[in-house]
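A.B. asks: Here the protein sequences come in this chain order: A and Z. When you line the first sequence up against the UniProt record's numbering, it's residues 1 to 281, in that order. When you line the second sequence up against the UniProt record's numbering, it's residues 1 to 265, in that order.
I should point out that these hints are in silico values taken from the structure, not numbers from a laboratory. Heads up, some of the hints might be wrong.
Stated by the list, open to error - Chain Z stretches covered by chain A per the calculated footprint, using a threshold of three residues with CB under 8 Å from any CB of chain A: (1) 185-197; (2) 210-224; (3) 228-242.
A virtual CB, placed ideally from N, CA and C, is assigned to each residue, including glycine.
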Amino acid sequence: MKEILSMDNVSYSYRVGDEESKRAVDGVSFTLHDGEWIAIVGHNGSGKSTLAKLMIGLLFPDEGDVNIFIEKLTEDNLWEKRSQMGIVFQNPDNQFVGSTVQDDVAFALENNGVPFEEMLHRVYDSLAQVNMSDFLDHEPHHLSGGQKQRVAIAGALALHPRLLIMDEATSMLDPQGRDEVIRVVENLRCKKGLTVISITHDLEEALLANRIIVMNKGQVLAVGTPKEIFLRGVELKTIGLNLPFALRVSGLLRKFGMELEGEHMTEEELVNELWTSHFSK
Amino acid sequence: MLEKMIFGRYIPGNSFVHRLDPRAKLSFVFLFIIAVFLANTAMTYAILVGFTLLVIFSSRIRLYFLINGLKPILFLIIFTLLMHLFFTKGGVLLFEWKFIKVYEEGLRQGIFISIRFLVLVLMTSVLTLTTSPISITDGMEDLLGPFKRFKLPVHELALMMSISLRFIPTLMDETDKIVKAQLARGSDISTGSIKQRIRAVIPLLVPLFVSAFKRAEDLAVAMEVRGYRGGEGRTRYRQLKWHWRDTMVMALFVVLVAILLLLRG
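Only chain Z is shown next, with the shape it has when bound in the complex (with noise of 0.2 Å):
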């Protein structure tokens, strides 16, 4: 069960947007979410709307995936919607009832703030969609590379994200089993109170960490053992090769501040 939500994050595909080089995409998806703070017109708005159906359009992602990825933060949207419609003053008095004023400031800026969520979401949902997770990781240590001189541990970093990767699904079972040998010996872990079932999750949790750590002690001695001492002096087997069309992607991003930058008010 727990393995189609980690799963369905990833949806390997040829588009244009998945054979993007990592490091591209990771930079852009940055780049962008400051450059969304430069619209501040309907135009700008159209503008940053417009471009992120462009990516939805050329990643070949079915909107399925998408809209599934908008509903946890749906609430946080129409949330923000209301908070401005019901408190942010100025313009002209558009409706009134009882207690309840809403201004045209208020509707204005309700809206841009929610488009402004909605295409920030829907812009990093497309990267995790189109990069795998260790590609992710792989991109991650190559930009930060440079901080390495500030005695950030890069490396050490990308190693432990790309094992706790590995192992999500492994301690899956683990969980899975773990669970089902509960039950066998007559544990609850979906009926009863909230009190009640917290309770019930102790049993599951002390194997689950047992055995992480008695895996955790294995795969040190084995990597050890197998000559790792760290990144230094150290090859990679991923390469991240950066095309032609990366370096367009992040032509575009300069084109597309540009015309932000041009129309904003």
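So here's chain A without its partners, still in its complex pose (with noise of 0.2 Å):
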């Protein structure tokens, strides 16, 4: 498999005082392959931000390479490798530039110099991957959160690129705007093997990744599958994240004294498991 994005022993610190810093990002390495969807998840202040702003050249390591196919990312090369990323931003309002949904998508290919019959096919193929056809001429504020965030995908995705990246992408919206978009993206990675990264705090969408990426205190805890995660349930919640609801019920079912078999990461796998559990008995 085709490497898409690595970091290699990556550190930042953001400068606090004249002498002080603060260690953000603390030798942080990993590996993302084509096709790929991982989750980056961690509370608030464990560098996971800091993370997206590495990987996006907002900022650059003090320490440490971020390769992104397989170039050292560089000020000279950052133009050209975003124009290969697409990023989705946390506010849903405040990354909307167009003042009509077509207008919005349009304004990563204006960026690049696409022409013009070019751009047309780009806007209205992207839009349709995300179900927004018929909202062309619709301005920002008759939208939803949900739908904005579908838009801002769309951008990103005209650009034909070969990376997504999901900086808490859904922690503004409602659950059904949530679901909308994570069922977008989920759609987009099935159908045209888009590498995916997000960055959440919602352990919920970090179940749908390949690998979970665990950050505390700006340094990898750990790393796995997501039922490898969350097999350590505990160690979880000690560092301020929450378990998936599934999860925390089966737990609780447990400690009450219910034999379950398995592990439960999904609602349907717990109620399989609940309604046959006295048919073998």
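Both chains are given apart, each in its own frame, so use the hints to dock them into the complex.
C.D. replies: Structure, rendered in structure tokens:
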């Protein structure tokens, strides 16, 4: 599998005072391969947002290298690299540049000098991929948060990126908007093999990833599949992360003396176990 | 409440005037404003009024909106009319009462100036009522294009304008929220003396500014990450198309000026 992004012993400190500095990211290393979906989780101040800024070249590491498409990210190749990845930020309103949906999707294309005819195709195409084709001429204030985030994803897709980064993209949405956005991204990953990094503190969202990287105090605490990570339940709680609902329920059921087999990542798995639990006995 | 005010200004439609290229409309109105000053006889003013009515008719805008637009400047029109009536001297004395004297010339000038005002306001209202703000911005950017040579940041100005327009409703919503939040805490902005009311506005403005700056920062980051590097090497998604009808409108302007020049005294 091809390597898309790798962090090699990356550290970054914010300068607080004249002499003082606060280490936000401390010796982080990981590699992301083509078609993978990884989730970076951690509570506030764990360094995950700084990590996102390092990936898109808003910050450059004090130590270590950030490699994107097997090439070190530097000031010189910054714009070229940025044109090959898409980023969706947290606040749906503050990243909507255009005055209508189609203008906003076209914004990154305009910046990269894509000719007009090509732009039309790409705008329609990427809006269709996020199910927003009916909203071409809508103004942002007539859209819901979930719709705005889908437009932001379309704006990223229009560039035909190899990597999509979602920096807390669902944290300001209502549950319905969150589901819409997650479904769209999941669909894109399945159909188009898009590589996704989602930075989140929502472990339900992280469940969908292939791998989870848990951050704490700027360091990588654990890396593994969702199953592996959630088995360390208590440890996650101590660093301020909430387990997914199904896991919490099954944990509580066990505590009250119910015998359950296996681990339950989703509500469906738990429900299946519960309604069949007396069959065999 | 405020949303209505701003969006009442543009009325979507499909009339002849609506479909004109914004560049044609902008340059026409700009030139028309100059041409209005050519009129100096009853006949030429009549032609201007007739032409304006023709434009209004072909834009299919309901008169209600236009009259609404006139309200704020009605005072100004009446004021200039009265000023001319009382202070312009010349011609036959028409009316005298105590120290007030109204001369024929004063009446004539007063009516002419009022018509001039009215025609200008009506024409510019038709422009903004039939052209969406974003089209006006696009048209301006294109028309001002030649001034780039003189280091005028045309692209930046146009982008600033379109971003401001885009954020008006967002900030309105925010203002609404802040007002409600402060009301819930017992602030009172609708009663009291003027001084008290002004003081009550400060707790609204401060959070609004703080959040606007936060938004600006977020937006700047989002723009940079999406590859925005200024106007150089940028292509445009919104394409303006100049049709035969736009040429026709410009030709109509030439005809209008010719008639005015012929008939002016």
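A.B. asks: Okay, the region 228-242 of chain Z and chain A, do three or more residues pass the C-beta test at under 8 Å?
C.D. replies: Result for this restraint: holds, n = 9.
A.B. asks: State whether the coverage of the region 210-224 of chain Z by chain A holds or is violated, taking the criterion as 3 or more residues with Cβ-Cβ distances under 8 Å.
C.D. replies: holds (count 8)
A.B. asks: Using a Cβ cutoff of 8 Å, are there at least 3 residues of the region 185-197 of chain Z near chain A, or does the coverage claim fail?
C.D. replies: With 0 residues closer than 8 Å to chain A, the region 185-197 of chain Z misses the three-residue bar; violated.
Taken one by one, the earlier hints fail for this structure only at number 1.
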